[in-house]
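Student: Read off the chains here:
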Amino acid sequence: MSASGLPKTAAVLGPDGLQALIAALAARGMEVIGPVERDGAIVLDRIAGIADLPAGRTDRQEAGSYRLADRDDGALFGYAVGPQSWKRFLHRPVETLFRVRRIGQELAFEPPRETPPRTAFLGVRACELAAIAIQDRVLLGGAYVNTEYAARRAQTFLVAVNCGDPAATCFCTSHDTGPRAHSGYDVALTELLVDGRHEFLAEPGSDSGAALLAYLPTRPATAADWAAAAAVAARAAANMHRRMPSEGLKETLQAHPEHPRWEDVGQRCLACANCTMVCPTCFCTTIEDHSELDGLGAERVRRWDSCFAGDFSYVHGGAVRTQTRSRYRQWMTHKLAHWWDQYGTSGCVGCGRCIAWCPVGIDIAAEAAAFVESSKREEDAHGIA
Amino acid sequence: MTVSPYLPLPYRIIAVRQDTPDTATIDLQPVRAAIPEPAPGQFTMLYMLGVGEAPISVSGVPIEGAPLAQTLRGVGNVSKAIIRLQPGDEIGVRGPYGTTWPVAEADGHDVLFIAGGLGLAPLRPAIRHVLAHRDRYGRVAVLYGARTPADILYRDELVLWRRMLDVQVEVTVDRAQRAWHGAVGVVTELVSRAGFEPDRTLAMVCGPEVMMRFSVQALQGAGLPSERIYVSMERSMKCGTGLCGHCQFGAEFVCKQGAVMRYDRIASIFTVREI
Ligand code: SF4
Ligand code: SF4
Ligand code: FES
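As given, the protein sequences belong to chains X and B, one line each in that order. Numbering of the first sequence is given in the numbering used here, commencing with residue 1 and proceeding in unit increments. Numbering of the second sequence is given in the numbering used here, commencing with residue 1 and proceeding in unit increments.
Since the hints were made in silico from the structure, they are not lab data. Glycine residues also receive a C-beta, built at the ideal position from the N, C-alpha and C atoms.
The following label-pair restraints were derived from C-beta to C-beta distances: (1) Asp-341(X) / Ala-150(B): 38 to 46 angstroms; (2) Thr-2(B) / Val-194(X): 44 to 52 angstroms; (3) Ile-63(B) / Asp-294(X): 34 to 42 angstroms; (4) Gly-141(X) / Arg-17(B): 37 to 45 angstroms; (5) Thr-115(X) / Pro-30(B): 26 to 34 angstroms; (6) Gly-141(X) / Pro-30(B): 27 to 35 angstroms; (7) Ala-150(B) / Gly-266(X): 39 to 47 angstroms; (8) Arg-17(B) / Glu-378(X): 54 to 62 angstroms; (9) Arg-88(X) / Gln-18(B): 46 to 54 angstroms; (10) Glu-373(X) / Pro-21(B): 53 to 61 angstroms; (11) Pro-87(B) / Gly-248(X): 55 to 63 angstroms; (12) Thr-2(B) / Glu-299(X): 15 to 23 angstroms.
Simulated coverage check for chain B against chain X, where a stretch passes if three residues somewhere in it have a Cβ under 8 angstroms from a Cβ of chain X: (13) 5 to 14; (14) 242 to 248.
Let the hints inform the model, and build the full structure from the sequences given.
Tutor: Following this line, the structure appears as structure tokens:
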């Protein structure tokens, strides 16, 4: 940081500079993953250059709905988050852990030996950086680690993009996880569309990020560029109207496992598990045996699981959580309350995916607010301050 | 890449003992490397090729030349398949995981073991430990309830314990034919008969959740404080390592903060349904 508080090495690049950035990452042997439009949604996939990005497109998101629309400014990153998160590349939906073979009576366990490829993520939003930091704690911070996640994470280069146009479902400001990225990236970009110019302010967040920027066609950032970037973040924050209550939320949820509100939401929830699949922090998995045809070998395969699945809590004799309200209680209480005890953070970063992708439009922020409200009312009625 | 915590070690079955019609104890020997020595109360994940894994508590710790012993009731696919195996067959073992029975904290106390059904299996290493260091403990009582006389686990060992003159062993069954002349009724009824001193007793309780609930009630009714009551929780487990999320019980992971848990730490959620 310089005396003015600005990182000295910040630079400004144009669309050609961004193209050069993607090319430079590829030249360093990295697979570059970024946002692309497919089947009516912005998803994450391999990109070769800026032509693959959803230029001039945006997303309109509401509880239970997501659709794309045009925008007239030609922005390359003029949308919020789609159904996929970067979780699918780090904590994969399906992962083979090892193979087992039976040779006579003996068992041979064969762990895979390959190192994952180097990968660059382009367009990581602030809430998603926060989600990755949370998954780092969950999957790497304990006595045992998810070794496959660890290996991929170590090979990942993160190019963040600060949000300029959040969706109506976003509420990162409630969790202080956005709309501007503060840490955890190699390079952070802010898309600047001022006075007919189309540029990006690029801030390095690591040595390798700084080294990459030094290699690109850029110009030094001016005070005007910083002001423009700050205005983008301020506008994004001002446009965010959804709020997750924080005051007393953890305590309220933990103190009221029998609250009637659970039945209320349990009546609406389909237990479809969409919310857990799209959530960038949900980490639950199961492990299965995939037998080989000769019956002498198997692969141990880990796949995403969901606390909404009927057999998730199965112990012999039956599931512990048979009712949908018990499962919704598990998901929401874990995410917003127990997570604090377990990992010292909320399990929600305010990305809004679970709200948009819930087929019946259940809104976790609204549910939390209703919960806090009605518990408060109840306590008032009972004369408890 | 570091080794996955999910990778088991091959173990050879050296003996299979049918304890009851649906329950067997297997003795296991490492083929090469062994897992770290389990402490009383810990469990392992046992892997059966082509079927999968199940969390199984250790019922005999491998000390002084004894093999690792694990007792399985044939209720799930994995346990059913494993108890059908023969000596010489190999399975995968990883662990040990979880917390331990408070045999150290119980030092200087009277110790009350309350077991229901298969719950005697995870308690056995703790009972053996206490009896092997008999002089460190005050009165020792083992209260055990089984469904029927045919479901009584470790008969020979119960007889052996009862023959020791300074251990109280009480066995009750839920229902019995004429051939049984012992107690009939739930294990909680034995609690009052045990006649312990609440201010110097520590209780370790293991069995089905309802049985533990009633046992805890009986113990508290007799004046035992919650912080000297330990229970062993059961939840779905896929990893044993705090990574899969399945075993959550309130804010606790049963595979990390359990299975053995001090009752006062979970009292607020213990009776909540479907938690
Ligand atoms: S709970 Fe919903 S809003 Fe929060 S991080 Fe998960 S998907 Fe995003
Ligand atoms: S809250 Fe919505 S998305 Fe989540 S399981 Fe229920 S119906 Fe599905
Ligand atoms: S068994 Fe997987 S987290 Fe506890």
